[in-house]
Amino acid sequence: MPSNDKNTVVLQKKPWVLICLSLVIIGLGAFIVGLMGRHPERAWQAYLINFLLWSSIAQGGLLFSVVMHTVKARWSGPLSNLAESFTAFFPISFGLFLILYLGRNDLFPWLHQDLHGKEVWLNIPFLFARDSVGLLILYSLGFLYLYHAFWLKLDRSISSGRIRTFLYKQWDQHIPDAQTCSRRMTVFGILYILAFALILSLIGFDLVMSMDPHWYSTLFGAYTFVKAFYVGLGGLIILASALHLLPEIDFRLKPSNFHDIGKLFFAFCLVWADFFYVQLVVIWYGNIPEETAYVIERTMTPPWNSLAWFIFIICFILPFFILLNKKIKTKPQFMSILCTVVIMGIWLEHLLLIGPALNPHGSALPLGLMDGLIFLGFSGLMALAVTAFLNLFPELLRVTDGEVT
Amino acid sequence: MGTEYRVMGLFTDENRAVSAIEAIKDSPWSLRRVHSPVPSHKISDALDLKKSKIGYFTLAGGITGFFAGFLLAVFTASQWHLIVSGKPIIALVPFFIVGFEFTILFAIFGNVVGLIHQMQLPEFTGLEEYDPRCSGEHFGILAACKADELERLKAFFQNRGGEINIFSKKQEHQ
Amino acid sequence: MSELTFAKIDQTVLDTLKPPDRSYWLTVGILFAGALAGAGCWIYQILNGIGVAGMNNPVAWGTYLINFVFWVGIAHSGTLISAILHLLRAGWRNPIARAAETMTVFAVCIAGLFPFIHLGRVWLVFYMLPIPNQRNLWQNFQSPLMFDVVAISTYLTVSSLFWYTGMLPDLAVVRDRATGIRKKIFTVISLGWTGAHEQWRHYARGYLFFAALATPLVISVHSVVSWDFALAVVPGWHTTIFAPYFVAGAIHSGLAMVLTLMIPIRKLFHYEKIITLEVLESVAKTIIFTGLIVGFAYATEFFMAWYSQNPVEMAIFKYRPTGDYALGFWIMVVCNTIIPLLFFFKRIRTTIFWLFGISIFVNIGMWYERFVIIISSVSRDFIPHAWGLYSPTIIEFGIMLGAFCLFFFFFLLFVKHLPSVSMTEMKETVDQGAGHGD
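Chains as they are written, first to last, in the numbering used here: chain L, 112 to 516; chain A, 32 to 205; chain F, 65 to 502.
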């Protein structure tokens, strides 16, 4: 298979890996400098935001493959393969979560507050225990899904590497035939979807909503996982566009593929905005101070109100009007720029939600060069993970028609 | 001048219908209409049809509706400056809902007006040159020819596996 | 579905339009009598005042609201099937799309009756419409009840237009096979449709826009209905999850009603080759999904009630499973979230008996969900001194019975006089009349 060898060679190419590594080092450097400075909590804030965003992209990305398999979609084969490469970030994400423990004193405003009974839930040991277990469950289910999905599509003639040999051995021991494999794949897929909803809700409640421990919104959990799917789709479009556009990589999608995933992205843009509005209208209308203080601080008082409007415009207004047009969805260059803008917007949205709680009485937005560098560092991590994965499993880049997994 | 005949070739197989359409384009006869029981991509590709302009009607309706809904809510609220439940008199958050519903309603109205206008329905004269089998399982291709070419046109369709229905249409004297 | 041909589809569906036998007219008559009984109860209520229904202080919203939300919910899955699944290109919707869309139109009509019934002084209903008047009185468009007026009337209009437009090619099929009076009627209502390529070109695009616009409409309408409750500050109502939760619940109940309607029709009209077990199975699988969403919503509400440490919220969520209406709560939880999980087993979701039975349970469960939400929260809100109980009266039961009978009456009339399966869409799933091709 000369074409796939070619892909492997390209992906292993030194310049790309070096670029990603240097991004990671820059990010790490900025983070450490921030920690050693006068405001280590700013560094941890940036770390948390990036952890949440990039983990969401990975979790949402895999969700695409799982959902397409569960509904037996026929158009999504090559895109599902790409989506599965995001699982490479899962172990990294888990490690990054554990590192969050080191910043616990700087991250959680409720540590020294009177929680009126909520301490049973909001305390460091329980929070970290349940979130670690939750992420472990979610990521394990993702890998189990992948384990079975790959049995059906990997090319056994490629026999290099320890991971592949390990996989082949496991398969030979545990998987008898295609039907059982497919069945188990569906089961793990459904479990992943359930875990996605539950665990991402939990993460949303624990790491974002609890930053203001006296505020609550029942929909916040669902809002978190809808946001994750939105950015996951954005990440997938960027990945697919990049691979499609690179002349050295042998991966070409049809315009109808881009159109379909563009439509799905548009749909989730609407769903995300809807979930945002639904919370807003209930809180606005009830006008109960317990709930409105949170919203007023973030949408009506400076410095956050301008950020809120900016996010609304680049994450909803702009994509809505642009994506109404059919042709634009089929242009990968444009779509990747749009999706990048949206992902940055959602990064800012995380800042909007967490920032006021971590920087009370601030007069300026807690946003600076360090945040940008740490963002680049995390993007380097994601790029490395995906590259390594595609390098290891180059069959994912094979585009065949009528692939039914 | 003479009688012009409209001959409809009826095919039960979509591919044969498409090949007949392709062949008619190269023939001296004019293709009037193609009837089908289902919308067919192959036929619309063969006929090289342009995209429908209905979308413009829908969009116009939607934009009108958005502003109509908002304006209705703003107008009714500003008639009496009553503060209810501490809400502002002109409140964008709830008025957005009214605007949204009116957007959809008027977009649908635009869509319907567009359909009526573009499809030109209701229109019953089309039924005169129509074979009821076209709504069942047949694809009907209506071609026009002069009286002397009638037999050749009939053979053209029959050779491709189609059945025939003939409608005659008298041409006006000059 | 591979043995289906265009001719077979036409034949099966057109056969259903043959003159019905006595048992049909008997059933129609019974349903009509039921509807009349409901109308009689309503007239009694109009003459004697709304007090003959069980609503009072503090529970001012009772079965009329429950039924209103119930029927709007049922309507939603019809649009899901005909519009949303059309956008997602899911072929399994084609056999049931027509009946589902019809279910929507009739369900919205029935739902729309309930605000009228709930008004004591029905003759003042025009107060809800923004008609210029000499007193310069206008509606308060900030009220969720006015959102309802706008949303439900939009939904009724759009659904009816969508339903009619979708039926147009099929009406032409009936016209072409009919004779006599029926031919004349169908000639008129099919507007002279000939299936010409020009017509299809615009029709397909217009239908796509209908579907694309109906989708956000569905989400917004039931969100608006949920805001009748969520925009109040009543404990148990004022929660941000209501809009997506109600939409998911609506689709859940509507899909169950689709099964309840389709299974008998499939048997009576010999639609087995068209509405295959796979189609019913797909509906069942979707019910698992919506049931899980509803279960997730229940769990989150309970968690958040505790997390908020708000004594009023915690009290209402303790009252629901253990208080005066606990039976309704447990019926709701079991029927909506636990019983649909049985559909995970392939044998259950491919057996007609279980499909029909579980669909009935889900319908009951979803009715009780609205009961629990509305009645429990209103009977116990902020001030213990103002707490009170509610039980529906015979008038309310009569009206509820009348509403159900009216719905099935309309539906029964529909299936015998209009094509209940979309022949055009079925033909689109069959490739060029297999059996006649090469």
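Quick caveat, the hints were computed from the structure, so don't treat them as lab data.
Idealized CB from N, CA, C, for every residue including glycine.
Some hints could be false.
As the list claims (entries may be wrong) - Only part of the chain F face toward chain A is listed, based on derived beta-carbon distances under 10 Å:
#: 1; residue: Asn-120
#: 2; residue: Gly-259
#: 3; residue: Phe-273
Hints, one by one, checked against the model:
1. At its closest, the beta carbon of F:Asn-120 sits 24 Å from a beta carbon of chain A; the interface hint therefore is violated under the 10 Å criterion.
2. For F:Gly-259, the suggested interface contact is upheld, since its CB lies about 5 Å from the closest CB of chain A, less than 10 Å.
3. For F:Phe-273, the shortest C-beta to C-beta distance to chain A is roughly 5 Å, which falls under 10 Å, so the interface hint holds.
Comparing the model with each earlier hint shows a violation of hint 1 alone; every other hint is respected.
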